[in-house]
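Protein sequences, first through last, are from chains A and B. Heads up: the first sequence begins at 1 in the working numbering, then just goes up one per residue. Heads up: the second sequence begins at 1 in the working numbering, then just goes up one per residue.
All the pointers check out, no bait thrown in.
One side only, chain B facing chain A, incomplete, derived with CB under 10 Å:
1) E128
2) A136
3) L140
4) P144
5) C205
Below 25 Å or equal to it, Euclidean Cα-Cα: the simulated PhoX-like pairs (lysine-lysine) are:
6) B:K22 x A:K22
7) B:K129 x A:K126
8) B:K126 x A:K126
Hints were generated in silico from the structure; no laboratory data involved. Values in this document were obtained by computation on a predicted structure and should not be read as measured data. Glycine is no exception: its CB is placed at the ideal position from the N, C-alpha and C atoms.
2 protein chains.
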Amino acid sequence: MESEEAIIAQLGELFRSSFPGKVEVGIGDDAAVISGIDNKLVATVDMAVEGVHFRRDWSTPFQIGAKLTTASLADVLAMGAEPKYLLVAAAIPELNNLQLVTELAKGIRSIADEFNVMVIGGDLSKSEKMSLSITALGELSAIPIKRSGAKVGDLVYLSALPGLSAAGIAILERSLDRPRYVVEAHLNPKLKTPRMLTKVATAMCDISDGLTVDAGHIATESKVSINFKSEKFTSAADFKDLQELATELGEDVFDWILNGGEDHFFIATVDPSQADKELGIEVGEVIAGEAEILLDGKVIEKNGYQHF
Amino acid sequence: MESEEAIIAQLGELFRSSFPGKVEVGIGDDAAVISGIDNKLVATVDMAVEGVHFRRDWSTPFQIGAKLTTASLADVLAMGAEPKYLLVAAAIPELNNLQLVTELAKGIRSIADEFNVMVIGGDLSKSEKMSLSITALGELSAIPIKRSGAKVGDLVYLSALPGLSAAGIAILERSLDRPRYVVEAHLNPKLKTPRMLTKVATAMCDISDGLTVDAGHIATESKVSINFKSEKFTSAADFKDLQELATELGEDVFDWILNGGEDHFFIATVDPSQADKELGIEVGEVIAGEAEILLDGKVIEKNGYQHF
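Build out the structure end to end from the sequences listed, making use of the hints.
The structure is reproduced here in structure tokens:
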């Protein structure tokens, strides 16, 4: 058990080593000061609440910190921007538990380091249930890739096949721990910068709320509809394994894929002239319509990720 | 009862009307995009949790939103910077209660408007208890006023006499509702930009954690001690009323002043050559020492604001 002041000092140390030259004031003052933003400033906040977004019997503090950092950075990447700085607010029951706070911080740092991102500030408070709010700031030198840029005739790409995190939840709910790759997808999601998509996307969005919901965001903002083709999913490399697992558990593989959520992958629309297998999995096309999501031409519901 | 999507759209509308030209992408995409930051970027985050930082039987959603916005902006002002943008993450039990969410948003907006600050993004999630995390971004054209700049011999100023919020808590705890000015100080704290202090302060900090704790931050970072003079407090304009109230309630007025917290006022150190009554209340001086806080030459404990 340590005093709050001692813990904040410790966190300052843990995050301080990563300060670059541009951080004029970091952790330990009323606010952080960055000596300059070269380009456009990109900013987003994500919150995760115990029992709603994560379960402490499933996830360690390290994993909780890493996962929300991943979610927050994905939002910056989805604009085509480069993440740079993080601010972390944490409410924790065991506020004086230095080990827990340190593990949480190390989880955040593990992802931040991977993306060359610095933690520049935060707030720590007591609460009955753990909750975490991460603000990510980034820089953007180009035009932002908005949700509103999709055009009729564009192809729809996913950076990877979703559904893995939902499959992981299905495994964990049954108190199983295999296959590991889906459990890992839920507990330790891997984030990859969608570099190729960023260069050509007319619209882009991360799909952490669930594919139909996030495709729906693009459809709504772009005033188009999106038609997914089931054969495109079934011929994706990871589909067969996922389908076998769903069958074994008595679940619907397309429910995982379309509504699963919590996969930190990206959906993007791309002009057909830019079609390229390297962009990811082509799963459908943008059609004229009233912000509907279709599968093989039939309108489907936009069912988002249902939190616990 | 409204859908989450309808509520977010409503919030977008509520905050959208305040978008200035520099907000290239606002609420409703993965992240906000600001087309340029002219000067240094200042960033801070504050979190408030139901039952720890606020009580819903005492504060309305409007007041909760307004108060945390005040706290967050105070941190930007304490660096000598100008607040510009806010990101709000809220976790709410009654997520589908449009009226509650709207009241919270209006509370945030009420303070944001006063300081010409825009809400550019947010996150909304479900939780058992309400919690709120507000990130404030600001711009700074000058040198940041850090906690580390106090020099031995500097005078110590407060922008106003603290203790009012603690007095308000004492009243509310007794299920009383008068005197109103202290209840108001707790529920609807007023924030004033410390313009004069900003021009001359060698160190500055807001005193929302309690005067001794925040003075302690300056003392620690500046490697000095601070000696408060009780006669300076007792001769302050509002002291007599506060003392009478404390006596009536059987409380210690100096405990309110020194440890009360939640007053969004500022402490600053100032070179004696800049002494000016217009700066606020002169309450002591910076002396050589090991980060101690003294009252009339005797070391006192740094007891912060004890949340409920």
